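Visitor: Residue strings, one per chain:
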Amino acid sequence: MWSKPWNLTEAFTIGIGLVTTGLLLQYTVGPVDWDMLAWPVNAVLLALLVTGMAAVWWAGTRRGIYACHWLGGLDNAIGALGWVVVATLVMGLTRQVPFNAPTLHDNPLDALGLTRMLSFWPLVLLYLWLTFSLGVVVLRRLIPFHWRNVPFLLLHAGLLMVLLCGTLGSADMQRLKMYVAKSTPEWRALTDDGRVVELPLAIDLNQFVMEHHNDSLRTPKRYASDLDILTRDGRRLHTVIEVNRPASAMGWRIYQYGYDRMPGTTGHEGIVSILELVRDPWLPAVYTGIYMLIAGALFLLFITPRKKNDTDDLATV
Amino acid sequence: MTWQLFSYFALAALILWAVGAVAAWRHNSWLARAATITGLAVFGTFIALMWVSLERPPLRTMGETRLWYSFFLPLVGLVVYARWRYRWILTFSTVMATVFVCVNLFKPEIHDKTLMPALQSPWFAPHVIIYMFAYALLGAAFVMAVYLLFFKRRRRPKGLGAEMSLTDQLVRAGLAFMTVGMIFGALWAKEAWGHYWSWDPKETWAAITWWAYLVYLHLRLRYPQRQAEALLLLVAAFVLLQVCWWGINYLPSAQGASVHTYAS
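Quick note, the sequences are listed as chains R and S, same order.
Per my numbering, the first sequence starts with residue 37, numbered consecutively.
Per my numbering, the second sequence starts with residue 2, numbered consecutively.
Rather than coming from a laboratory, the hints here were simulated on the basis of the structure.
Hints are not guaranteed to be accurate.
[As the list claims (entries may be wrong)] Computed footprint of chain R on chain S, listed as stretches where at least three residues anywhere in the stretch have a Cβ under 8 Å from a Cβ of chain R:
{"#": "1", "stretch": "175-187"}
{"#": "2", "stretch": "195-206"}
{"#": "3", "stretch": "211-218"}
Since this is a predicted model, take the numbers as computed values, not measurements.
Ideal Cβ placement from N, Cα and C applies to all residues, glycine included.
Work out the full structure, taking the sequences as your base and the hints as a guide.
Guide: Below, the structure written as structure tokens:
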């Protein structure tokens, strides 16, 4: 092992090293705390990661440092992907609980951290390995630029953007619940752990609309909130929100989440509409990556890879 | 149009597909194609009529998605046959379609008309149809893998050039559709549930499956000669795909935790 050329054995070993490191971190400093990544920490981290990727790319291609060059190659990619399958498989086979759920004392898997895999250091480090390698690969194909690399870049850079911005941005995402009764403007909303947040907008419910299927169970077919969004500068935007049809205002998306009935009331007047307000400032970057992936997938359908003989870096798409 | 008429349409389509499969073995490629296409038209008509009578796309329950799978398998078989002239591929797709039709006949999981509000979305139909098509392509790749591993390789110890290339093509196309299907699901989730990815069990397993097929493609690029390992990986990836598709309905870790279980 570690005699050149490196191959899958070395890639597999890197994974073992990362899992070991992750377990040590998990049981010494505790699980990954994603809230710590909130702005501006995530922006700094993003800059550091990109700098690191560029440094490894430079050391590998310009300085000829073998390990750095190898990190942008296929053996490393196969190893990282394989380990990511394993880590995600553990997550898929273990029942997961929400982040803020209390400790499950009767469940040994919870003590190990396996019920909160997204905060489990080994999984995070393996995904980080994959993401970092992906960054190096993208740089290698981007510089010098060739048009024939576009399909490759769309797929790899698209996935890189989704992974980086989706993960780093998750700490800046806000999801709040707002309970609005008819004709009572509301500007406060609740976080998942029950804190009250005051918003730069208010919502005035005009009418809650409810339709049922014509079956014996009278299951809901459609429910919607006819409402006005009031902004601080005094504008009033009229809109109708229903499931699958959110509205957008001032960087927030407003969703129909559910409905409830005020105690002691009957009929339509006593219904409280529950809205969910979501703010995700990193969403445009993630969506850019998503659209790149779609374009890349179309290339994947219509382009056959070229046959090349060198074994080092021959992925075409 | 109701499920009661399914057996007539299904029987007609299966007979036509079987005629096509036999014709392919007898080198009558014109009849093979014509019969398969007619069978697809018959089966497709049933799906279309179901769609009209349900007043929603028939995509909600396992029984309804099996309908699409039975339709797409002969379609993929036909494309592969027309392109590469594998005589056995139409037999395979017919047998697979028959299995799914039989499951629908004997364990129909029939279905009411109502669609909960979260499913009333323009993303719904493309998300599921594209996924079903991806599953059909990857199912064809799986059968190629089994065929090459256990039947063909013994006779061709030096390697399988054209066959491996067909398998790679199927995986690439399957993965491309799977990627688009997954992304459509993400875009829909953003509209319906407020976030594009929530690590719901179905999403976790979709990710596992997606990564596994990526391992296959990269392994093929790096080690084109390690065919047995690649084909075994393909078999394993298809098992993961089955868990993602219907296995999670029985998986203890996923019970009651998924937004993707509507049928119960």
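Visitor: Each hint should be assessed against the structure and marked as holding or not.
Guide: Checked hints:
no. : hint    : in the structure
1   : 175-187 : holds (count 7)
2   : 195-206 : holds (count 8)
3   : 211-218 : holds (count 4)
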